[in-house]
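Starting from the known structure of chain A, arrange chain B on it as the hints suggest.
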Amino acid sequence: MSAEVSPKEPLFSAKNKKLLAVPLNRENPITVQVLGICSALAVTVKLEPAVVMSISVIAVLAFANVIISLLRNTIAPRIRIIVQLVVIAALVILVDQILKAFAYEVSKQLSVFVGLIITNCIIMGRLEAFAMGNKPWPSFMDGIGNGAGYAWILIVVAFFRELLGSGTVWGLPVMEKVGIYNIGYTNNGLMILPPMALIIVGIIIWVQRSKNKELIED
Amino acid sequence: MFTNRYIFIYSSVMVIIVAAVLSSASSLLKPFQEKNIRTEKMMDILKSVQVSGEKSEAEKLYDQYVIREEAINSKGELISVYEGGKLVQGDIRPFEINLKEEQHKLDELKAGKSDVEPAFPLYVCEKDGNKYYVIPMLGKGLWGPIWGNIALEADFNTIFGVTFDHKGETPGLGAEIAYKPFQDQFIGKKLFDDNGNFVSIAVVKGGVKTRPPDKQIHGVDAISGGTITSNGVDAMIKDCLENYIEYIKNHNNS
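These protein sequence lines map, in sequence, to chains A and B. Quick note on numbering: my numbering labels position 76 of the first sequence as 644, and the sequence is numbered without any gaps. Quick note on numbering: my numbering labels position 195 of the second sequence as 236, and the sequence is numbered without any gaps.
If we strip away everything but chain A, and leave its shape as in the complex, we get:
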């Protein structure tokens, strides 16, 4: 885990911007740190569950970061992982309950993956690497930034998988409206299966690295 941002930077707003922006690209949790891949494969068949999952992860990550940051001086190092887990688990259960109450259909599609946010490495990674050593506000920004870094990959992957696999975008039959089926186009069933998510993530990584030379390893 990289501790990329020094904790005592006087320029508050500039630092915050960096906290938000860096995880979107250079320190992206999925494409660079390769964390949270499991859910990125599982919930990206359609756009709607991907967006709901993204919002859930952003919320859990931001609040967990803030709570751990507030508690950071009271947590005994020996039990810090347990404390982090309890906080994450509590937030995830809350999110799950709220989805079941107000977004029942989507919560059914996400099924176990909401619960599995608990095991998402991104969250515990940020708590350990950032929230344990930083003030609440920067921790909040870091949580939003990393959550958004996870989210945009998920949404891009889901967009292409839904468009090419089911011919729809957010349930709207785009491909049918364009009339592409009349000239012999068919949906690619492979896009619905998890391996294609991996390939799309691979393509995103490829594009990202070809644009950003500092990400290329020797």
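No lab work stands behind these hints, which were simulated from the structure alone. Just so you know, not all the hints are guaranteed correct.
With a cut-off of at most 20 angstroms between alpha-carbon atoms, the simulated SDA-like pairs for lysine to any residue come out as follows [unchecked claim]:
1) K676/A to W184/B
2) K82/B to F670/A
3) K116/B to N238/B
4) K676/A to K181/B
5) K208/B to F681/A
6) K208/B to L761/A
7) K96/B to A669/A
8) K256/B to N272/B
9) K221/B to Q677/A
10) K208/B to A610/A
11) K76/B to Q677/A
12) K668/A to L684/A
13) K96/B to G739/A
Just chain B now, kept in the frame of chain A:
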């Protein structure tokens, strides 16, 4: 700097706070969640008789199409009737029956461990002047429970429509039971043979075409790669409908 005592107190307080927050959230959200489950149950029953509509209208549509709810015991006797918004007979509204508990009661009864009679619900629907009978089902798939509704025409033999759903069958394989192509196969199939014997609907691996022509009316194609789920559907239909045979026979004779 952190003593054991501190750690113990800290963890205890933390756990108590978390428990309090979660349990109050749970009890606060429960009414909403239960409403969702109820709405879904209603929509599933309606879907099996080919009625679709907005979820917000579920209650209204349900009252419009489902004219009567009945519950029968293991001998096929009517034990409960709910009609016109009130309980006419018995002491539980058939819609509220928990199928899992009743199946358990039936198992106990069959094993001779208890003598509590189970109650199985039956929904009588009316659409375009025709009566349909909807039987809810519950069974086992590969990874977890599967369930559904089967709507029979007034002859209690021809299938008018089915719905299936599942907790966590494999997407693309077993999970296909929840989609139209699989479910549409059931329409027009028959539960009883010409002699009036119950034969259920077989979910046939390798396709129903492999069966003799006179058996094809009692079978549908299984899902390739979803054999265990398909077998689960097969067993679910058989096990659940068996409980209604006596009732159906009495009904047809009267």
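Structure-based check of all given hints:
1. K676/A to W184/B: Given that 20 angstroms is the threshold and the Cα spacing comes to 15 angstroms, the pair holds.
2. K82/B to F670/A: 17 angstroms, holds
3. K116/B to N238/B: 17 angstroms, holds
4. K676/A to K181/B: Distance of about 18 angstroms is within 20 angstroms: holds.
5. K208/B to F681/A: 13 angstroms, holds
6. K208/B to L761/A: OK: K208/B and L761/A at ~19 angstroms, within 20 angstroms.
7. K96/B to A669/A: 14 angstroms, holds
8. K256/B to N272/B: Holds: K256/B and N272/B sit about 18 angstroms apart, inside 20 angstroms.
9. K221/B to Q677/A: 17 angstroms, holds
10. K208/B to A610/A: Distance of about 16 angstroms is within 20 angstroms: holds.
11. K76/B to Q677/A: Given that 20 angstroms is the threshold and the Cα spacing comes to 18 angstroms, the pair holds.
12. K668/A to L684/A: Within the cut-off at roughly 15 angstroms; holds.
13. K96/B to G739/A: Between K96/B and G739/A the Cα gap is close to 17 angstroms, so the pair holds against 20 angstroms.
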